[in-house]
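Peer 1: Here are the chains, one letter per residue:
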Amino acid sequence: MTEEPNGQSDYEQMKPIWYFVGVILTVIGILVVISGVMNLINPPLEPTVLAHLHVNLWWGLIITVAGLAMWLTNRRVGS
Amino acid sequence: MEGTAPLAQTSTMIDLSLIDWLILLIFIGFIVGMGFYLKKFTRNDEDFFLAGRRNSMWVAGIAFMSANMGAMEVIGYAGNAMKYGIHCAHFYLIGAIPAMVFLGVFMMPFYYSGRIKSIPGYLKERFDEKTRVLNAFIFSIMMVLVSGISLYLLAMIMEAMLGWPWHVSVWVAAALVALYVSMAGLISAIFTEVVQFFLIWAGILILPVLGFIEISPAEVWQGLENISWGHVHLWASTGDPGLNPMQMTWMGMIFGMGMTIAFGYWTTDFLIIQRAFSARDLRSARMTPIIGTYFKMLLGLVVVSIGIITLVLMQDEGTGMRALLTNAAGEIQYDKALPIMMSRYFPAGMIGLGITAIVAMLMAGQAGNMSAFTAVWTYDIYHAVFKKDATPPQLLRMGRKATIAGLGLAVAGAYIARSMPTVIDYLQAIASMVLAPGVAIILLGMFWKRLTPDGAFWGMLIGCLASFGMFMMQQLNIVEPAFFTPVDGAGFMAANFWRGLWAWMIAGGLGILISFFTTPRSDEELRGLVWSLTERKREEGLVWYRTVGFWATVTMVLFFIINILLW
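Protein sequences, first through last, are from chains A and B. Using our numbering, read the first sequence as starting at 106 and increasing by one per residue. Using our numbering, read the second sequence as starting at 15 and increasing by one per residue.
To be clear, the hints were calculated from the coordinates, so they are not data collected in a lab. Every value quoted in this text rests on a predicted model; they were computed, and no experiment measured them. Glycine included, every Cβ here is placed at the ideal spot set by N, Cα and C. One or more hints might be untrue.
[Unchecked claim] A partial selection of chain B residues facing chain A, derived with a Cβ cut-off under 10 Å:
id : residue
1  : I45
2  : V223
3  : L367
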């Protein structure tokens, strides 16, 4: 592991893993929510079993909230 | 899995919406992008092969479980639960938990040391160079073989679900994994494994919930009981192999699955233990498999639930599930349980997430195989045999080349697997051949200082050959599977466990016998490598609820409660 001139090692400049998990969960969660909203506006011609539960809407929301929480609490490099 | 028909024989094509495609492509782009980001942090061989030894117990524990959550584990065991009912839970309980706890509590202090970088590396320190090289060769062959089968399975799923040409899927998946693992090695593999771990849960956790909304847990239980009494009793039905769908007895379950195969996999398979090696200190390394036990039990609950819900729904002709799960020849395609359930419940968006979860499972498994393969190849074969004076930069370069070469071999393995449609059925058999003799020698070596290098080497070699010989006798129909078990009527799965147990006993027995006639290593050389010559450090300064012992006890209590509830 190399030391940088400012005394920080390379690893200390690496973003925490939870940051990456947060980003991808947020992006995918938002996309799932969007598809849920689109299904509400334009119901599919061949609905899935339990389509009335609109699982993409609330499960997408849960993923988005979880992702955002991880993203926002781990923005700092080296945390 | 025995009797499972190839998945691609009938089509279950799923139409993906634009958003579904977007989710999948964003995930793939994200994983490759992370490889590029992490490359600049990979400066030496320790970064590449051990992720710099800086991971917390949570990162190491999640990566440990993620490496285990390959496509075969999740898709295969959902099909397994459909076939064997509640008995599939054995793979998540007796087939995992005691071994994982044993690894964390007793074995990790021997493995986790500055001078040991792999399991063959431990064998060199404990025995000698030839034992290390033998184990490294056997392990490398197994990794390539498993990796090939895994690639074959992914391509088959993509062909059946999305209509992607098989050849394209194999090459694209291999190229993607080669790209991000060769850039940053274990750091890249672990980072992506943790990301994939969350995506896998996001994609599958909701599935049994929806299943139990459609058909209540009580109805599922009743449906299983209607199929057979053995489908709902984990242990009560193991007195006679004819009473349970797995055709197992409790003896085969405890000694074959629990003590031999599970200990072989969880305590000596470098693929998963490498994640614990990446932990920042000994306590984190010991907690790695203990954290894994909780996820393993939760995964068992999810996967077994998916399988048994599918099985019960299939009994009701009105659901149309039987037609979807049966191929033209009238064979039930158990491995389709998970994809079929996803297409049953998941609307647009969710189906993209589900497919992404399946791709994530495959990539996590592949990255695990490759990072373990490259570490063992580079340290224990290349460095030990071919270039003893290799410098750290040379080792790093070899690691990158080995990743690409390993994936090339895995692609070849996928084509071989494709030519043998039943090859997946024998994955458990491969494990019993390779891991069972290894665990006998490693455990004996850790807890009996008299075991000599010659005893270890010949015990392991002859144990593997004997296991392979027994397997071939069964394959060539020279004997029935039940020949290897002490009871009549035992099935294919039981034979796997019993062959593993025989190999374990042959390797261990020979190791002990030869040790009495050969010279052991001195106490001084074995300090820190065997139980009786290692100082046991207490976890001083830690409050009780932060100790490894406390969490290991909680795991074992939960393990017994679940087994009693499902008795």
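Peer 1: Taking the hints in turn, state whether each one holds.
Peer 2: Hints, verified against the model:
1. I45: Check passed: Cβ of I45 (chain B) comes within 9 Å of chain A, closer than 10 Å.
2. V223: 9 Å, holds
3. L367: 6 Å, holds
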